[in-house]
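Please put together the full structure from these sequences, using the hints given.
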Amino acid sequence: MTVNTILFDLDGTLLEMQTEPFVKSYLVEVGRHVGDQYDTQKLLSLIWDATKAMIMSDEPDKTNEQVFIEYFKAHSDWPREEVWPLFDSFYRDVFPTLSHLTYPSPWAKQIVEAAKQQGFRVAVATNPVFPREAIHHRLAWIGMSANEFELVTVYEESHFTKPNPGYFAEICQKLGVEPTDCVMVGNHMQEDMVASKLGMKTFLVTNWMEDRGEPQYQVDQRGTIEELHKAITEKSGVFAG
Numbered sequence: 548m549t550v551n552t553i554l555f556d557l558d559g560t561l562l563e564m565q566t567e568p569f570v571k572s573y574l575v576e577v578g579r580h581v582g583d584q585y586d587t588q589k590l591l592s593l594i595w596d597a598t599k600a601m602i603m604s605d606e607p608d609k610t611n612e613q614v615f616i617e618y619f620k621a622h623s624d625w626p627r628e629e630v631w632p633l634f635d636s637f638y639r640d641v642f643p644t645l646s647h648l649t650y651p652s653p654w655a656k657q658i659v660e661a662a663k664q665q666g667f668r669v670a671v672a673t674n675p676v677f678p679r680e681a682i683h684h685r686l687a688w689i690g691m692s693a694n695e696f697e698l699v700t701v702y703e704e705s706h707f708t709k710p711n712p713g714y715f716a717e718i719c720q721k722l723g724v725e726p727t728d729c730v731m732v733g734n735h736m737q738e739d740m741v742a743s744k745l746g747m748k749t750f751l752v753t754n755w756m757e758d759r760g761e762p763q764y765q766v767d768q769r770g771t772i773e774e775l776h777k778a779i780t781e782k783s784g785v786f787a788g
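Numbering-wise (our numbering), the sequence shown opens with residue 548 and increments by one.
No lab work stands behind these hints: they were computed from the structure.
Mixed in with the good hints, there may be bad ones.
BS3-like mimics (lysine-lysine), calculated; alpha carbons at most 27 Å apart, straight line [what the hints assert, rightly or not]:
(1) K656 <-> K777
(2) K782 <-> K663
(3) K589 <-> K609
Quick look at the structure:
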């Protein structure tokens, strides 16, 4: 079947960055924003554990946001009504300033534009463990916006996370495509290449590649972000018609 849809990972793929240092710095900034209003380490541990609860969840009737909130409420001594305004102000006022922790390049916009010119449908398949606002800010760092894609996965709307194959199945359902219609482009062996289990073609971007060793998944093509641009522009390899 002919491929007609490209799913792009964001962190480490379109947005050039190292995920682990970014997350560490992000949590430090959350703690700084909270200040001495709460036990910072306790709050950060709770955020981390609630995030892990989202990743482990396999409940199709609950969004990732609902899973996060339920875990937080069940394990927190603080009322959500007190804490959430701090989260909201963090994502509004502080998160946009964290772009210095990433290395955005012109390649992202060029790659997406090339894909559209070649007739591909495009979506952002970023792990939806962040709120919409944070993901939209990260798109802005590469000079793009959500309305340039048919779909951007966010935690308010997604019911699974990577590496759950259900995450990719939900994207297909929302776009009205079959997995075999799609190429998953990402930099992470375990979180992105797992899409091959559903029958998606895969392209592993090597500039900021991440690989925890196990499990390993099928990689149909690999290359630098520059080679990705060339393959899409030429409709070669996994992007061939």
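Hint-by-hint comparison with the structure:
Our distance criterion of 27 Å between C-alpha atoms is met by K656 and K777, whose separation comes to about 14 Å. With a C-alpha separation of about 12 Å, the suggested pair K782 and K663 falls inside the 27 Å cut-off, and the hint holds. Proximity of K589 to K609 is assessed by CA-CA distance (about 25 Å); at most 27 Å being required, the pair is judged to hold.
Violated hints for the displayed structure: none, as all numbered hints are satisfied.
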